[in-house]
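Trainee: These protein sequence lines are chains A and B, in that order. Take the first sequence: its position 135, counting from 1, is numbered 134 in numbering that gives the first Met the number 0, and each next residue is one higher. Take the second sequence: its position 158, counting from 1, is numbered 157 in numbering that gives the first Met the number 0, and each next residue is one higher.
Derived by calculation from the structure, the hints in this document are not laboratory data. Wrong hints could be hidden among the right ones.
Below, computed lysine-lysine pairings styled on BS3-like, alpha-carbon distance capped at 30 angstroms [what the hints assert, rightly or not]:
#1 Lys126(B) <-> Lys215(B)
#2 Lys625(B) <-> Lys693(B)
#3 Lys178(A) <-> Lys486(B)
#4 Lys264(A) <-> Lys486(B)
#5 Lys613(B) <-> Lys625(B)
#6 Lys486(B) <-> Lys454(B)
#7 Lys178(A) <-> Lys454(B)
#8 Lys264(A) <-> Lys625(B)
What follows is each chain in one-letter form.
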Amino acid sequence: MTRSEDDSTTTNDGDEASGSPGSVDELIPNTGGSNDDGSTAAVRSDGGTVDTDSPFETTSTVTETRGDRVDRFLEEYLRTPWSILRDDWRALAGFAILSFYVLVGTVGVYLVEPTYPAHGPKLLGAFADWQFPLGTTSSGRDVLAMAVHSTPSILVMMTSGALFTIIVGTAFGVVSGYKGGLVDTALSTITDVFINIPGLPLVIVLATLLEDWINNPVTLGVLLAVAAWAGLARAIRSQVLTIRNESFVESARAMDLSTRWILSKEVLPHLMPYVVVNMVNAARSIIFAAVALYFLGVLPFSDANWGVMLNNAYNSGALYRPAAYHWLLVPMIAISGIAVGLILLAQSLDRVFNPRIRARHQDLGGDDEPIDADADADDSTKEMMNV
Amino acid sequence: MTISESAATDRPSDDVIVELRDTSVEFGMERGQSRVLNEVTTEVYRDEILGVIGESGSGKSMFASAMLDAVPEPGVTTGEVIYHPEEGEPISVTDLSKDELRQFRWEEVSMVFQGAMSSFNPVLPIKTHFVETLSAHDYDIGRGLARAQELLSDLYLDPERMLNSYPHELSGGMKQRVLIALSLVLEPDLLVMDEPTAALDLLMQRSIVSLLEEIKEKHDLTIVFITHDLPLVADLADRLAVLYAFEFAEIGPSNRILEEPAHPYTRALLNATPNLSAPLEEMRPIAGESPDPVNIPEGCSYHPRCPLADEECETIDPGPYDAGPDHDVHCHHWEQSIEDLDIAFEETSDTGKTPSAVDKASGDPLVSLSDVEVTFGSANEGWLDFGESQTVTAVDGVSLDIYDNDVVVLVGESGCGKTTLAKTAVGLQTPTAGTIEYRGRDIWEGASGSTLADKEIRRALQIVHQDPGSALNSHHRVRTILEQPLKRWHPDLDGNDRRERILGMLEYVGISPPEDYIDRYPHQLSGGEQQRIALIRSMLVNPDLILADEAVSALDVSLRVGMMDLMIELQDVFDTSFLFISHDLSNARYIAEKTGGRIGVMYLGELVEVGSAKRIIEDPQHPYTKALRWATPELDAEQIGDSEESPMRSIDIPDPTDPPSGCRYHTRCPEAREVCATQTPGFVDLGDETHAQKSACFRAYDDHEYWQSASITDEHADSGVDTGGDTDSGVTSESD
Chain A
0 MTRSEDDSTT
10 TNDGDEASGS
20 PGSVDELIPN
30 TGGSNDDGST
40 AAVRSDGGTV
50 DTDSPFETTS
60 TVTETRGDRV
70 DRFLEEYLRT
80 PWSILRDDWR
90 ALAGFAILSF
100 YVLVGTVGVY
110 LVEPTYPAHG
120 PKLLGAFADW
130 QFPLGTTSSG
140 RDVLAMAVHS
150 TPSILVMMTS
160 GALFTIIVGT
170 AFGVVSGYKG
180 GLVDTALSTI
190 TDVFINIPGL
200 PLVIVLATLL
210 EDWINNPVTL
220 GVLLAVAAWA
230 GLARAIRSQV
240 LTIRNESFVE
250 SARAMDLSTR
260 WILSKEVLPH
270 LMPYVVVNMV
280 NAARSIIFAA
290 VALYFLGVLP
300 FSDANWGVML
310 NNAYNSGALY
320 RPAAYHWLLV
330 PMIAISGIAV
340 GLILLAQSLD
350 RVFNPRIRAR
360 HQDLGGDDEP
370 IDADADADDS
380 TKEMMNV
Chain B
0 MTISESAATD
10 RPSDDVIVEL
20 RDTSVEFGME
30 RGQSRVLNEV
40 TTEVYRDEIL
50 GVIGESGSGK
60 SMFASAMLDA
70 VPEPGVTTGE
80 VIYHPEEGEP
90 ISVTDLSKDE
100 LRQFRWEEVS
110 MVFQGAMSSF
120 NPVLPIKTHF
130 VETLSAHDYD
140 IGRGLARAQE
150 LLSDLYLDPE
160 RMLNSYPHEL
170 SGGMKQRVLI
180 ALSLVLEPDL
190 LVMDEPTAAL
200 DLLMQRSIVS
210 LLEEIKEKHD
220 LTIVFITHDL
230 PLVADLADRL
240 AVLYAFEFAE
250 IGPSNRILEE
260 PAHPYTRALL
270 NATPNLSAPL
280 EEMRPIAGES
290 PDPVNIPEGC
300 SYHPRCPLAD
310 EECETIDPGP
320 YDAGPDHDVH
330 CHHWEQSIED
340 LDIAFEETSD
350 TGKTPSAVDK
360 ASGDPLVSLS
370 DVEVTFGSAN
380 EGWLDFGESQ
390 TVTAVDGVSL
400 DIYDNDVVVL
410 VGESGCGKTT
420 LAKTAVGLQT
430 PTAGTIEYRG
440 RDIWEGASGS
450 TLADKEIRRA
460 LQIVHQDPGS
470 ALNSHHRVRT
480 ILEQPLKRWH
490 PDLDGNDRRE
500 RILGMLEYVG
510 ISPPEDYIDR
520 YPHQLSGGEQ
530 QRIALIRSML
540 VNPDLILADE
550 AVSALDVSLR
560 VGMMDLMIEL
570 QDVFDTSFLF
580 ISHDLSNARY
590 IAEKTGGRIG
600 VMYLGELVEV
610 GSAKRIIEDP
620 QHPYTKALRW
630 ATPELDAEQI
640 GDSEESPMRS
650 IDIPDPTDPP
660 SGCRYHTRCP
670 EAREVCATQT
680 PGFVDLGDET
690 HAQKSACFRA
700 YDDHEYWQSA
710 SITDEHADSG
720 VDTGGDTDSG
730 VTSESD
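Full structure from sequences and hints, please.
Mentor: Written out as structure tokens, the structure is:
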């Protein structure tokens, strides 16, 4: 819509006729800057006009373009978070570690050839032969190749499991906490049922039933998360119960904003640090669970992966045979590494959702920085002073 | 009062109990040193009550902490704090070791903080708190407890009941009084009270303040009373000290400060404080905001806001000038200030606005409440439900009409149901019984759950909350906060239109430059700015009625009048009605009188009196309104001093889960007679043609059996003692 000149002018006239002088400026204490324009409509640099007579009817002369909206979106969701994370070593380290795993999982599989029994000599030690940098197993398979080729499926499994946990958990928690009443009772009952299902037996039973799909990492990830989301849902529900009584939620209800908006934009941002930390923890625990189950032999496997490697190494007596240590250590280091990366990322992502830190990093021109610092420090001073 | 006037003239120097020499408190901040107390030099005299007044963030809590060397880490206290005991050598408080400080703190100087709720350990009975304090200081427990009992009964509390109660069994006012007793049990000479009544109701505040005077006389105390509420201490304190920007602006005898304030800030503060007697034209806000502790202005710290400021003020820090006996002022122009200030103010602000005294009680009501009842909690529903039935009737049969362009202010103590009633009126609370009609339509018709079915009605009724900090979502920028109502109700506007409109509104309410503010987060705004954003947000949907729930009580005193003026202005411009809630009769009077609105007084879920501001303030009919009127402190120096007896028989509110029979006020009413306990009075119309005034009291009838009924007050004439916890204070006066 272009400038709705006719609209605004007609209504302006009406208002002026009814005599509503802009005398409010005289009454309000001047907070800092100068209030110069009193009667005339000032034309702004960006083309809009500001009528002090009826700010209700102001419209812009410039139509919002698609580019504007995209730009605002990028600012909100990409540039600001990046600028926050850039300053935090934990974020950088976490990202570096995880990117390394992703690289291995995508590019690495093309660079390292798959291995097969009797590929090389038996139980070659690590760094002994550059054809097999991390050594070989007792059946002569390349340890590096096995570790590399199991990465993609582990990553996919981890991501799908973590996403399933937080999406289902947050949805159940937020909706039941906010809606209350019958909805709450129904959703909470479902949540309680899942909390009380013993996870391991369920996975064993399902793994047997779903044998055809279990080799798909997505199915496996979701299966491992089946029992994990309920705890998150409970915790989030209890937090939503307090947030729903906050004044700003009541205001939003009074203005008849949609429930979807209230849940996703008013309530959820307050939970995001918690949700993100839980997502990363879920990812970690899914890897641990998968590896443990592979090690125990509960899950059927067709291909090598870190858990299976551990199992094989253990069965070959790697715990007490120094010659086989590398076979055990490589998957252990791979698992610990990704866990450390996830933890570092979780710690740093907390900052992205803090409005105080966001404000300091947003790209709003030069004079913003000192203002932010003021307001920020002012608050902490007040806290310290107990006022 | 009289003591100070005679003693003020030539006070011997050995009468000083605490003196501060160039005392500063600093906090290291990321962006520099934050000075929250700036080279303060002052003295506190023995046996006086010193009232320290300052707005929030003026350093008044730091002043209290510095006196006890109790500044929290990482704050650093510099300068000297010297305590003069009655006998022996002066003690330099800042040089004391940790152990000595511990002794010093409760035995010589003790402190009462605000928020008595958190001062007690909830799992220990009150008695243990006393015993622990006594044994920590090696006092004789038996003698100490005897003293504690004496102190408790001095504070109109039943000692036995109090000592055996747990903190949660006591109401806020009781806890605060127990805390005062606890702080006095080691017989200190100096009592420092930091906002001791800030969390309490008006009536309770007033009652505690009048108790303090008795306690002080009986126990030979020196009291330093720190508060933001100037009228509250005005008639209690012998001397007043006004803190501004971390240093004293003025210090002197209270009647001099009130009558002839020498510092421009004191004068402005007096004018900015709403009260019951001053003409409305004299009330005006102070422009600008308090300075930041990191960048205290050069020279006189008040010069950016001062109408008298000149070059001298900008460069030279004014030392204390002697403005009369015992009256020091930190202003270069104090002599001129007394003469010229009012003229200067006339020039800078123009509040000559005539109230629109239209008779609003005509035509069809905009919102009409009839017999509204709201009950919380659940009744005992039989098996498996072993607890007692716990229902609280927050609003009990209230009828009220609000008209177009009307202003209604609800006043009452906390827990009287004023917020519940108001939220019911704007459709944010479902009534248990009764109807609410918007222009003749039942607003709950066809509603599911707690949302109104008719979206137009939903739009017409809006709310502005008490705490601006939580009214705005801390995760959204100002733009997002204000865009939402526009997106919902003006879907034809695109992003740039919305932006322009928001900028226009921001500028309209005096937030400038608006471009700078539109992308800020709420934490980057001051309290006053946040409250304005919240006000704009509800205005943007074009409502017919706005509920302002204590919308100014979270703001600094100096900003309140400005905020109320803005609301009144917006009401005029945008043709809305306002339903204000206030616990403070002086704020209520300001708004109602300026707009020609009405004041409604609520007590325990019932509306007891409704009338125009003038009638309610000048000629209250209901005894409860009279009590509220008594509890509202006056600034007028002439009226100070003759503080009459409390017009209530009991300080504490009866338990709302078991309200008294008949007239609910009869347990506290000084005029109560037997009939009051059995019959419920209805509304009596006392109004002449122009201003309707209604009161729910039998005394309004000329001819009623009340006048023949026997008084029930005599037998309990001195039954101010509270017998116990909330659970049965409903029968307080009977269980003497």
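Trainee: I'd like to know which numbered hints this structure contradicts. Please list them from smallest to largest.
Mentor: 8
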